[in-house]
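When we follow the numbering used here, the leftmost residue of the sequence shown carries the number 40, and every step to the right adds one.
Please note that a few of the clues may not be correct.
As the list claims (entries may be wrong) - The calculated label-pair distances, taken between Cβ atoms and stated as ranges, are:
no., residue 1, residue 2, range
1, 121, 225, 13 to 23 Å
2, 375, 83, 55 to 65 Å
3, 342, 266, 21 to 31 Å
4, 270, 156, 32 to 42 Å
5, 216, 361, 52 to 62 Å
6, 393, 354, 27 to 37 Å
7, 121, 144, 18 to 28 Å
Stated by the list, open to error - Calculated cross-link-like contacts (lysine to aspartate or glutamate; reagent style DMTMM-like; alpha-carbon spacing at most 20 Å):
no., residue 1, residue 2
8, 46, 117
9, 239, 205
10, 365, 297
11, 393, 377
12, 128, 208
13, 128, 205
14, 229, 80
It is worth saying that the hints were derived from the structure and are not from the lab. The C-beta atom is built at its ideal place from N, Cα and C for all residues, glycine as well.
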Amino acid sequence: MTANSWKIQRSILFELDSILSLTNDYLPRASLSNSINQLIDSISTEMLHELRIFLGSRNQYFGFLFSAGVSVHTEFEEDYVLATMPIRKMSRQDFIEFTIARAVEYEIHIDIDPSQSLLDQMKAVHTQLVHESGRRIGYFEQSGEIKSLSLISDFEILASILADGELHDQFWHWLDRFYYQIYQPWRHLKEPVLNASEEKALLCLGASTDQLLVDWLPQVNPLRFSPVFTEAIKKGILNVIFIVEPFELPDSWFIMPDGLVITFADNEVSFQQFVGFVNNLSERLKALADPNRLMIMRIARQSGRDNTEIAGFLNVSRPTVSIHAKQLREAGLIETLEDGRSVRHEVVASEVRKLFHDLERFLDLPRED
């Protein structure tokens with residue numbers, strides 16, 4: 040690659056990975072747009088239960104469909120049948136061989152250990168493909184870590200839905216129902232959004248595909264601030280594939296042999312929804328950021344002391360306890376009960392757990408094995 044380049048693509052596999060991830064609680068519902076929440080709400084409880092069987096309880100981004108598409112050249116296919124049919128027919132051994140063949144196209148050498156299980160070989164060939172692709176644009180040297188669309192755990196799911204996988208028939212039957220009955224009608228309504236997004240990108244990028252203009256992108260887009268990507272642009276070695284998608288994601292990205300794949304939506308409504316969630320999360324965390332308030336919650340859990348008794352225990356005034364309790368109550372972490380002139384508090388355990396669960400998902404912390 041001797042010059043920066045770009046192109047605009049659509050990918051039904053990326054879309055399906057995204058909605059499956061969002062449905063499986065990858066991001067808190069409060070941070071999603073009304074349109075996406077309505078889509079998720081339209082999925083029956085029975086279908087959600089089946090999805091949990093396939094994906095488990097991991098609150099992460101799943102990229103196994105797109106990764107499978109890379110191996111069979113359907114990653115940027117918009118047609119559902121054309122994108123998924125080769126994946127349905129592919130075995131685990133096929134995935135390994137097809138991924139190696141893709142690597143050869145880009146002159147990437149893949150080492151394989153035939154003594155490993157097929158699952159471990161699947162993980163190894165894909166990881167090497169992504170790491171070398173990242174190294175070529177300087178990502179590996181700069182950060183020491185490559186961001187792959189698929190986490191290692193994704194390949195356990197992928198292996199189970201390939202032609203020789205134990206969940207092959209059940210998964211594809213489920214996905215067909217989901218796509219035709221739920222997702223396709225919703226996506227049809229989003230077609231104007233897709234077209235407008237594509238037109239905006241074409242207008243802002245200009246007529247020349249060898250010039251990569253990024254000042255039109257949202258401020259949160261990594262092409263605007265990532266030292267690795269800005270340096271690659273300066274060196275003229277970055278190929279960018281802009282993904283047009285209906286979820287209006289401003290900053291999702293991953294690396295593959297074709298280059299950097301990135302979303303670019305500038306959706307003020309979705310962004311403000313997300314900012315609102317972050318502000319709410321911050322306020323709830325602030326309620327815990329005081330030793331006296333933590334002690335009040337501890338006392339509320341362990342005994343039925345009222346405000347006067349708590350004030351004496353903490354050696355503070357009763358009004359001070361009332362102020363602390365008000366902050367905890369506004370954060371939803373306690374409930375206040377009045378018994379005559381006596382005021383007592385109860386911890387809302389579900390809200391405390393939800394607070395830390397929301398924080399864990401917001402920070403996208405890795406899953407503990």
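Unmet hints by their number, sorted upward, for this structure: Hints 2, 3, 9, 10, 11 not satisfied by this model.
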